[in-house]
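Taking the hints into account, I'd like the entire structure generated from these sequences.
So that you can map any letter, position 193 of the sequence shown is 250 in this note's numbering, and since no number is skipped, the others follow by simple counting.
Just to be clear, a hint being listed does not mean it is correct.
[Unchecked claim] Pairs of lysine-lysine, BS3-like flavour, derived with a Cα cap of 25 Å:
no., residue 1, residue 2
1, Lys198, Lys284
2, Lys114, Lys83
3, Lys83, Lys271
4, Lys247, Lys121
5, Lys59, Lys113
6, Lys247, Lys279
7, Lys97, Lys252
8, Lys197, Lys97
9, Lys135, Lys97
10, Lys83, Lys282
11, Lys97, Lys247
12, Lys284, Lys197
13, Lys60, Lys252
14, Lys60, Lys198
15, Lys271, Lys252
16, Lys210, Lys59
17, Lys135, Lys113
18, Lys271, Lys284
19, Lys60, Lys197
20, Lys113, Lys124
21, Lys83, Lys97
22, Lys269, Lys279
23, Lys124, Lys135
24, Lys124, Lys247
[What the hints assert, rightly or not] Computed spacing ranges between beta-carbons, pair by pair:
no., residue 1, residue 2, range
25, Gln258, Asn208, 16 to 26 Å
26, Cys254, Leu126, 19 to 29 Å
27, Lys114, Thr162, 11 to 21 Å
28, Gly206, Arg280, 32 to 42 Å
29, Lys247, Asn273, 23 to 33 Å
Rather than coming from a laboratory, the hints here were simulated on the basis of the structure. Note that beta-carbon positions come from the ideal geometry of N, C-alpha and C, so glycine has one too.
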Amino acid sequence: MKKVLIIFSGGQDSTTCLIHYTNIYKEVYCITFDYNQLHKSEIDSARFISNYFNVKKHIFVDIKCLKNLSISSLTDEKISILDNHPLNCLLPSTFVPGRNILFLTLSSIYAFNNQIDSVVLGVNEIDFSGYPDCRNEFLKKMNDVIQIGMNCKINFESPLINLSKAEIWALSDYWNSTQFILDNTVTCYKGVQGKGCSQCQSCILRNDGFNKWKSNPSYYMKRLKEKFNFYN
Numbered sequence: 058m059k060k061v062l063i064i065f066s067g068g069q070d071s072t073t074c075l076i077h078y079t080n081i082y083k084e085v086y087c088i089t090f091d092y093n094q095l096h097k098s099e100i101d102s103a104r105f106i107s108n109y110f111n112v113k114k115h116i117f118v119d120i121k122c123l124k125n126l127s128i129s130s131l132t133d134e135k136i137s138i139l140d141n142h143p144l145n146c147l148l149p150s151t152f153v154p155g156r157n158i159l160f161l162t163l164s165s166i167y168a169f170n171n172q173i174d175s176v177v178l179g180v181n182e183i184d185f186s187g188y189p190d191c192r193n194e195f196l197k198k199m200n201d202v203i204q205i206g207m208n209c210k211i212n213f214e215s216p217l218i219n220l221s222k223a224e225i226w227a228l229s230d231y232w233n234s235t236q237f238i239l240d241n242t243v244t245c246y247k248g249v250q251g252k253g254c255s256q257c258q259s260c261i262l263r264n265d266g267f268n269k270w271k272s273n274p275s276y277y278m279k280r281l282k283e284k285f286n287f288y289n
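Structure below.
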């Protein structure tokens, strides 16, 4: 029986992954990281959602030390979420250097010790904020490192990697979960549950994708099915 571990933030993308996998596998695990992010609402959201969908097990990992090592507007209230990153003007200030490297490494350790086949990360490189650790190239190379360094066959899965935000909404619609995601997830960089603040980049991407999907749901469902071999 295949087991999957979802790196779970309580946001739209990871929740869509959770719903997707709970519909196709019996053993779904979640791992949530507390990296001293300013808004704990996403952790509360993650706990509520995993309980709602009755996942096999959900663990919470304290990595607050990341705040002392990595600069980001998500961990330092003195940095504006609207600015570029203070150490690299090509990146948004919301980028947390090393975060996904650490998430994937620690998740792989847990997966290895619990005989879990796959680690799932709900990243996407179509409509995204420009984070270098949300690209398929990064995931493939990290997966190679984990498999070599741990002598294991753990696979990284990123089912949303090639989907637009509108297509991600179509996936939630496929599983009849759009309203649940609208009401209960925390995607906003300001930590506002549901539709968010509507001003930060994350809210703009999410709301723009929702409006595109809502304007032509059948079109985006068709595109989703063309991309997802699971549905063919």
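Results of checking the hints against the structure:
1. Lys198 <-> Lys284: Status holds; Cα separation ~23 Å.
2. Lys114 <-> Lys83: Holds - the C-alpha atoms of Lys83 and Lys114 are around 12 Å apart, at most 25 Å.
3. Lys83 <-> Lys271: Outside the cut-off at roughly 31 Å; violated.
4. Lys247 <-> Lys121: holds, 19 Å
5. Lys59 <-> Lys113: holds, 13 Å
6. Lys247 <-> Lys279: violated, 33 Å
7. Lys97 <-> Lys252: holds, 17 Å
8. Lys197 <-> Lys97: violated, 30 Å
9. Lys135 <-> Lys97: holds, 17 Å
10. Lys83 <-> Lys282: Holds - the C-alpha atoms of Lys282 and Lys83 are around 23 Å apart, at most 25 Å.
11. Lys97 <-> Lys247: With Cα atoms ~10 Å apart, Lys97 and Lys247 stay inside 25 Å; holds.
12. Lys284 <-> Lys197: holds, 19 Å
13. Lys60 <-> Lys252: violated, 32 Å
14. Lys60 <-> Lys198: holds, 22 Å
15. Lys271 <-> Lys252: holds, 15 Å
16. Lys210 <-> Lys59: With Cα atoms ~13 Å apart, Lys210 and Lys59 stay inside 25 Å; holds.
17. Lys135 <-> Lys113: The given pair, whose Cα atoms are some 39 Å apart, is violated under the 25 Å limit.
18. Lys271 <-> Lys284: Satisfied, since the Cα-Cα distance of roughly 19 Å is no more than 25 Å.
19. Lys60 <-> Lys197: holds, 20 Å
20. Lys113 <-> Lys124: violated, 30 Å
21. Lys83 <-> Lys97: violated, 29 Å
22. Lys269 <-> Lys279: holds, 14 Å
23. Lys124 <-> Lys135: holds, 13 Å
24. Lys124 <-> Lys247: Holds. Lys124 to Lys247 sits at ~17 Å (cutoff 25 Å).
25. Gln258 <-> Asn208: 16 to 26 Å: violated, 39 Å
26. Cys254 <-> Leu126: 19 to 29 Å: Roughly 27 Å apart at Cβ, these two residues keep to the hinted range, so it holds.
27. Lys114 <-> Thr162: 11 to 21 Å: holds, 19 Å
28. Gly206 <-> Arg280: 32 to 42 Å: Holds - the Cβ-Cβ distance for Gly206 and Arg280, about 37 Å, lies within 32 to 42 Å.
29. Lys247 <-> Asn273: 23 to 33 Å: With a Cβ separation near 30 Å, Lys247 and Asn273 satisfy 23 to 33 Å, so the hint holds.
Comparing the model with each numbered hint stated earlier shows that hints 3, 6, 8, 13, 17, 20, 21 and 25 do not hold.
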